[in-house]
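Undergrad: If you want the building blocks of each chain, they are given just below.
There are 2 protein chains.
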Amino acid sequence: MKLWYSIPSPFARKVRAAAMELGLSSRIDAVEIAVAPTKINPEFGRENPLMKVPALATDEGTVLYDSRVICEYLDALAGGGKLFPASGNARWDALRRQALGDGILDAGILRRYELVLRPEAMRWPDWLQGQQAKIGQALDAAERDAASWGEGFDIGHITLGCALHWLDFRFGDFPWRDSRARLAAWLERIAARPSMATTMPHA
Amino acid sequence: MKLWYSIPSPFARKVRAAAMELGLSSRIDAVEIAVAPTKINPEFGRENPLMKVPALATDEGTVLYDSRVICEYLDALAGGGKLFPASGNARWDALRRQALGDGILDAGILRRYELVLRPEAMRWPDWLQGQQAKIGQALDAAERDAASWGEGFDIGHITLGCALHWLDFRFGDFPWRDSRARLAAWLERIAARPSMATTMPHA
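As you go down the protein sequences, you meet chains A and B in turn.
The working numbering numbers the first residue of the first sequence as 6 and each following residue consecutively.
The working numbering numbers the first residue of the second sequence as 6 and each following residue consecutively.
Hints listed in this document are in silico derivations from the structure and should not be mistaken for laboratory results.
Each hint should be verified, as a subset may be incorrect.
Which copy is meant is left open, because identical chains are indistinguishable; a pair holds if it fits in one copy or across any two.
Stated by the list, open to error - Each computed SDA-like pair below joins lysine to any residue, with the alpha-carbon atoms no more than 25 Å apart:
#1 K44 - L133
#2 K7 - V36
#3 K44 - L115
#4 K44 - R123
#5 K7 - A95
#6 K44 - Y118
#7 K44 - F179
#8 K44 - S184
#9 K44 - D111
#10 K7 - S92
#11 K87 - D98
#12 K44 - A126
#13 K7 - E65
#14 K44 - A208
#15 K7 - R96
#16 K44 - P180
#17 K87 - A197
#18 K87 - D34
#19 K7 - D145
#20 K44 - W181
#21 K44 - E148
Please model the complete structure; the sequences and the hints are all you need to start from.
TA: Shown next as structure tokens:
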């Protein structure tokens, strides 16, 4: 399989961490590519028309996207029911947790585009504030949710781990740990897993 | 169950159309709510911390989001394997198709926020152009994909139907049909389904 990814991308990191957890890393040929919403790349667009990472070409030649689809595909390849509980409340909890983490990332990435990519005169404070409110509330929800996590590590946990590390990576002065001690302790613990430790984002 | 939705939201429409296809509409109490990325609503934030529609409170009192999670939950409630093929290539095709439609909508909604919500002096042409390139390439991919659809109607088809109708609703002067005759004919056909006809977006 061929995976298009970038080192800073938290969505690509979800896939790389999932592949390691599932014992599939050696079957994946990972290719680094730089993408940006203002950079039109028709060549990569022939693989993933949305021009985002991650994208995965399967051994059958189909290109899958986005991170949710790829992670679930890898889980099925590894036998199924590992990172994606097969059914019932465990499944909906994991998928909602993944949606929460993806939502933190969507909002955080929009903030980053606004603050770094967009010309300074065109930055809109109301937009930044609205996205930050989503992040803050989502982190509060994760803090409450974390009370029940125990040693569990499903796709939702991977996603939240990637989201929290990405916030530290891109918004290092955001003191999210201050009112979320449980989440902070949990992140420290799971950061030691090989799947998380070897995929940490860096510039 | 309680569904938070808005009439123009294409993501909420996915859920409403899926519920009708699955015969579950009568079990859902739908509540209209207006959301916007710059409008902070802590009350709704206690239900969905990301403050987006759709959100679904199950009969057990759990609140699920986002549209992908809710649609799959409803499919399982209806017995499973109806809009979400249970396994194999049919599943990955449907999920990738859903990701393609969601990606068209993500890009289209960012364009709309830029053109309608954001103060005029802060609008960035490169951003609009980059998002439009994603939409164009994704529509081309859907046009190619449509050759194999036949009478199938899975969550990916629902999503693409919602995406195309939403483009017509919000960007009525975008002539996407010009180079995509197969997709245009398909949309006309599926628009007659009760699930699509009764959920058409309007202002």
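Undergrad: Which hint numbers does the structure go against, in order from smallest to largest?
TA: Every hint satisfied by this model.
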